[in-house]
Amino acid sequence: KAGVTQTPRYLIKTRGQQVTLSCSPISGHRSVSWYQQTPGQGLQFLFEYFSETQRNKGNFPGRFSGRQFSNSRSEMNVSTLELGDSALYLCASSVGQGMNTEAFFGQGTRLTVV
Amino acid sequence: AQSVSQHNHHVILSEAASLELGCNYSYGGTVNLFWYVQYPGQHLQLLLKYFSGDPLVKGIKGFEAEFIKSKFSFNLRKPSVQWSDTAEYFCAVILYSGNTPLVFGKGTRLSVIA
Numbered sequence: 007k008a009g010v011t012q013t014p015r016y017l018i019k020t021r022g023q024q025v026t027l028s029c030s031p032i033s034g035h036r037s038v039s040w041y042q043q044t045p046g047q048g049l050q051f052l053f054e055y056f057s058e059t060q061r062n063k064g065n066f067p068g069r070f071s072g073r074q075f076s077n078s079r080s081e082m083n084v085s086t087l088e089l090g091d092s093a094l095y096l097c098a099s100s101v102g103q104g105m106n107t108e109a110f111f112g113q114g115t116r117l118t119v120v
Numbered sequence: 015a016q017s018v019s020q021h022n023h024h025v026i027l028s029e030a031a032s033l034e035l036g037c038n039y040s041y042g043g044t045v046n047l048f049w050y051v052q053y054p055g056q057h058l059q060l061l062l063k064y065f066s067g068d069p070l071v072k073g074i075k076g077f078e079a080e081f082i083k084s085k086f087s088f089n090l091r092k093p094s095v096q097w098s099d100t101a102e103y104f105c106a107v108i109l110y111s112g113n114t115p116l117v118f119g120k121g122t123r124l125s126v127i128a
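Top to bottom, those sequences are chains A and B.
Residue numbering for the first sequence is 7 to 120, as defined by the numbering used here.
Residue numbering for the second sequence is 15 to 128, as defined by the numbering used here.
No lab work stands behind these hints, which were simulated from the structure alone.
Since this is a predicted model, take the numbers as computed values, not measurements.
Treat each hint with caution, since some may be false.
[What the hints assert, rightly or not] List time: in silico EDC-like cross-link candidates among lysine to aspartate or glutamate, alpha-carbon distance up to 20 Å:
hint: 1; chain 1: B; residue 1: Lys-63; chain 2: B; residue 2: Glu-34
hint: 2; chain 1: B; residue 1: Lys-63; chain 2: B; residue 2: Glu-102
hint: 3; chain 1: B; residue 1: Lys-75; chain 2: A; residue 2: Glu-88
hint: 4; chain 1: B; residue 1: Lys-75; chain 2: B; residue 2: Asp-99
hint: 5; chain 1: B; residue 1: Lys-72; chain 2: A; residue 2: Glu-108
hint: 6; chain 1: B; residue 1: Lys-72; chain 2: B; residue 2: Asp-99
hint: 7; chain 1: B; residue 1: Lys-83; chain 2: B; residue 2: Asp-99
hint: 8; chain 1: B; residue 1: Lys-85; chain 2: B; residue 2: Glu-34
hint: 9; chain 1: B; residue 1: Lys-63; chain 2: A; residue 2: Glu-81
[As the list claims (entries may be wrong)] Quick look at which bits of chain B chain A covers, simulated, 3 or more residues with Cβ under 8 Å:
hint: 10; segment: 25 to 31
hint: 11; segment: 67 to 79
[As the list claims (entries may be wrong)] Partner residues are not named here, just some residues of chain B that face chain A (Cβ under 10 Å, in silico):
hint: 12; residue: Ala-15
hint: 13; residue: Tyr-50
hint: 14; residue: Ser-87
hint: 15; residue: Ile-108
Built from N, CA and C at the ideal position, the CB exists for glycine as well.
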């Protein structure tokens, strides 16, 4: 059974540009969540999608957005990149949310903004 | 707002020493609790989880955790650490209802020295 796949693995972008990251969840999983991981801050929740609907959103500026497609694949977009957006972006998939389900994580996309 | 606190930022232990990492959460209501581990250069992996029943749960690689509802705690333990346990450890909590996202603590970096 294939795991959570994130593409690309590494990205280098310039300040002011925009970027799109992709996440393919485990087959059969309908919930996808995105996290930003930085040293000392742990994993900060960005947003969560379930059946193409955003169910929860973290405390990030509107430059961060996402969507989920009918096949459960998800993308997140960051516009007008800032140096502080440099981080590891993690995607997690699960069958649902809560209710005794667990989240499985991808390898992440390492974004460097220069 | 819901939060998860991990008491130790960095723990350094000698091989064969015992380990206990603290985790407290601020949720009310029924929760699902998790410990994840991130080995250097690898993706997040589930160490163990608590859904219900026996509050002492056992995970992979000899780890265990105890859920103490009255203290809102879910501490991770291992009787004897190995050099290969060097990693970052994250505690995570979600409401059973799924109405909130999976929220992580800031992580504890464990360094095991020979």
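What hints, given by number in increasing order, does this structure fail?
Hints 3, 7, 9, 10, 11, 14 are the ones this structure does not satisfy, whereas the remaining hints hold.
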